[in-house]
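Number of protein chains: 2
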Amino acid sequence: MKVILYMEMTVNGMVAKSNDETPWSDELWKAYQEMVKNVKNMIVGRKTYQLMVEADEFATIDNPFTVVLTSQNFVPQTKNTVTAHFPQEALKLVEEKGFTETIIGGGGKLNSSFMREGLVDEIYLDIEPMVFGQGIALFEANEFEYGLKLLGIKKLSDSSIQLHYAIEK
Amino acid sequence: MKVILYMEMTVNGMVAKSNDETPWSDELWKAYQEMVKNVKNMIVGRKTYQLMVEADEFATIDNPFTVVLTSQNFVPQTKNTVTAHFPQEALKLVEEKGFTETIIGGGGKLNSSFMREGLVDEIYLDIEPMVFGQGIALFEANEFEYGLKLLGIKKLSDSSIQLHYAIEK
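Protein chains in written order, with numbering that gives the first Met the number 0: chain A, 0 to 168; chain B, 0 to 168.
So that you can see chain A by itself, here it is in the shape it has in the complex (with noise of 0.2 Å):
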């Protein structure tokens, strides 16, 4: 199972504002829906789940299978969606669907939690020529270091770039 990392975010590395806001460009936008409509399922956090329900998201990306991490009790609303409680248990879920790649798709703890056990792979990164000068980082604050290796860049736009590493383990 290779587990990609997938993220949008600012120069200095938030993926949101404070209030939760990401205010990207169409063709961070539309990278990110590709990959999605790609790769045909994701993991991500509860809030995340509950912000892209909010935004009516899903059918955009063609409703992907999609695991939501939580670690409460929580029934999602929409179709070809499933919970788990720990990163394990929810590449197991996709796993049994029968994929060999996965995307985790954020928050910053949610994708920390992966990264602390060693979970990840490669990592894609859209950069919008932004800096917030606070938000919700790429990473919760958490234990661990990784080098990588860049795999490539990419323009995205005049001036956003897409950064995709190897995690060395």
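Treat each hint with caution, since some may be false.
BS3-like cross-link-like pairs, simulated, lysine-lysine; straight-line CA separation at most 30 Å [unchecked claim]: (1) 148/A with 154/B; (2) 154/A with 148/B; (3) 1/B with 46/B; (4) 168/A with 29/B; (5) 153/A with 148/B; (6) 29/B with 148/A; (7) 1/B with 148/A; (8) 46/B with 153/A; (9) 153/B with 154/A; (10) 16/B with 1/A; (11) 16/A with 153/B.
Hints were generated in silico from the structure; no laboratory data involved. Since we're looking at a predicted model, the values are computed, not measured.
Position chain B relative to chain A; hints supplied.
Same frame as chain A, but now just chain B:
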């Protein structure tokens, strides 16, 4: 006066580990040293200054004119070095020496204070192929937000890159 923020950081925007370690590659140090030698002056925070003194860094970068921003009474140990209490005061000291550009060189608190006051014109970020789950962020949390314009991407080694942005004000 062109004010350039120049930092080395991880892919997730950490400029040091929590214990102040900066395990960057030779390529990144070289890029940074060349920039400082070229501009011949820099503005740094007190903690960054002291870490630079401990690492015996000033001789390597040809003893640039250095302004240490500090809220305390602090006597610098290196030649060609003065102190200031506020960002505008630091810029005035650099200007009085006849410089037309300066480097803002960390840490996160200093960077953030110049950004909040709208004093930074360009940002260079040398991105090491690493992620730290926690550490010292590029900007200490503060209320500001800017759009940027990508001026250039340069590869510093197989896996490290330099991003160059202008700040839109």
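Against the structure, the hints come out as follows:
Pair hint residue 148/A plus residue 154/B holds up; C-alpha atoms about 13 Å apart against a cutoff of 30 Å. A distance of roughly 13 Å separates the Cα atoms of residue 154/A and residue 148/B; the hinted pair therefore holds under the 30 Å criterion. For the hint linking residue 1/B to residue 46/B, the alpha-carbon distance of about 24 Å falls within 30 Å, and the restraint holds. Annotation: proposed proximity of residue 168/A to residue 29/B holds, straight-line Cα distance about 27 Å (limit 30 Å).
For the given pair, residue 153/A sits about 16 Å from residue 148/B by alpha-carbon distance, which is consistent with the 30 Å threshold. With a C-alpha separation of about 20 Å, the suggested pair residue 29/B and residue 148/A falls inside the 30 Å cut-off, and the hint holds. For the hint pairing residue 1/B with residue 148/A, the CA-to-CA distance comes to about 34 Å; that exceeds 30 Å, so the pair is violated. Under the criterion of a C-alpha separation no larger than 30 Å, the hint pairing residue 46/B with residue 153/A is inconsistent with the structure, at around 37 Å.
For a cut-off of 30 Å, the pair hint linking residue 153/B to residue 154/A stands: about 13 Å separates their Cα positions. A C-alpha spacing of about 28 Å is found between residue 16/B and residue 1/A, which places the hinted pair at or below 30 Å, so the restraint holds. The suggested pairing of residue 16/A with residue 153/B holds, with an alpha-carbon distance near 28 Å, which does not exceed 30 Å.
The structure fails to meet hints 7 and 8 from the earlier list, while all remaining hints are met.
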